[in-house]
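*Asks:* Sequence:
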Amino acid sequence: MSLAYPQLTRLGPLPGALAAAAGARCVVAYTVDFDGTGNEVGNGLEPFGMHSAGRYSARRGVPRHLDMLERLGIPATFFVPGYDAQCSPESVRSIHAAGHEIAAHGYVHEGTLFEPAEETRRLRLTHRILSDLIGQAPRGWRSPSGQKTGVTLPVLHELGYRYDSSDKDADHPYLLDLGQGRTMVEIPNNTYSLDDFPFFHFSMTPVSEVAEQWRDEFDERYARGGFFMLTVHPRAGWGSGTPSRVRAVEDTLRHIQRHEGVKFASLGDIQQWVADAAQQFDEVRV
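Residue numbers (the UniProt record's numbering): 1 to 286.
Each hint should be verified, as a subset may be incorrect.
Label-pair ranges, simulated between beta-carbon atoms [claimed, not checked]:
1) D169 / T112: 18 to 24 Å
2) S94 / E209: 28 to 34 Å
3) G179 / H51: 37 to 43 Å
4) A97 / S145: 25 to 31 Å
5) M204 / H51: 16 to 22 Å
6) D251 / D171: 22 to 28 Å
7) P47 / S131: 21 to 27 Å
8) H51 / G225: 39 to 45 Å
None of these hints come from the bench; they were simulated from the model.
No residue lacks a Cβ here, since even glycine has one placed at the ideal position from N, Cα and C.
Please work from the sequences and hints to get the whole structure.
*Replies:* Structural data, given as structure tokens:
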């Protein structure tokens, strides 16, 4: 058995290809990793007491983020583990009813790799849970652990997925050639500077400093034209579910909205723009 990361052909976009395809100067995506109690269960913990922060996502964090997104008129993509969809179906339905995209995020936010048969079973299980719950199949997936094996993308492609958002190796989305005429769009997820997790998990960084860094990063990307994606978690503890942290996120998004030529989009829409612009791509081996 090999769990080696698959060596794929990456078709990299020419500068500005995504923004041009979207008719914008800068494309912005807001993504939310639901990460409820499945995060604890996946790590073998009982989701009670000090390990109950995941329940905050469905009870408080998600409603706050939905209210904020409605105020701002911004579409979002929510990555939901299958277990959390089973535990909090009404929360997931409320996300879908608000017009936001639902994408897959593992079953119990797995932090380890599995044998191919078990990985395939879990990918199919989560796909079925989300499809049955919202009445349509998800098109996107994000690895809970940031890891993939040689079977991950082929199985997802077989299930109808059209994009992955797990890698951290580029500033812009690009196309992956899986072989045998199969392609998927990779929408890189910068877990380190454009994600709330490292700021609130490894240290209790003041929310004002986090928002300032996010704004600075956006300003530089906007100046160059292209793509900006922010990822948050609606949890207590190391997430952005509490009132002050939601306010910091909202302040950041309002800062972005004040710039001309910005287009907010779901990752599903971005996937389509990247696919449409594929003829402008150059081949790079990664």
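*Asks:* Decide, hint by hint, whether the structure agrees.
*Replies:* Tested hints:
The supplied range of 18 to 24 Å is met by D169 and T112, whose beta-carbon atoms lie about 22 Å from each other. Between S94 and E209 the beta carbon distance is about 31 Å. The supplied range of 28 to 34 Å therefore holds. The hinted range of 37 to 43 Å is satisfied by G179 and H51, whose Cβ atoms lie roughly 42 Å apart. Distance hint check: the CB atoms of A97 and S145 are about 30 Å apart, consistent with the given range 25 to 31 Å.
Taking 16 to 22 Å as the suggested C-beta distance range, the pair M204 and H51 conforms, at roughly 18 Å. For the pair D251 and D171, the supplied restraint of 22 to 28 Å holds, since their beta-carbon distance comes to about 23 Å. A hinted range of 21 to 27 Å for the beta carbons of P47 and S131 is consistent with their spacing of about 25 Å. Distance hint check: the CB atoms of H51 and G225 are about 44 Å apart, consistent with the given range 39 to 45 Å.
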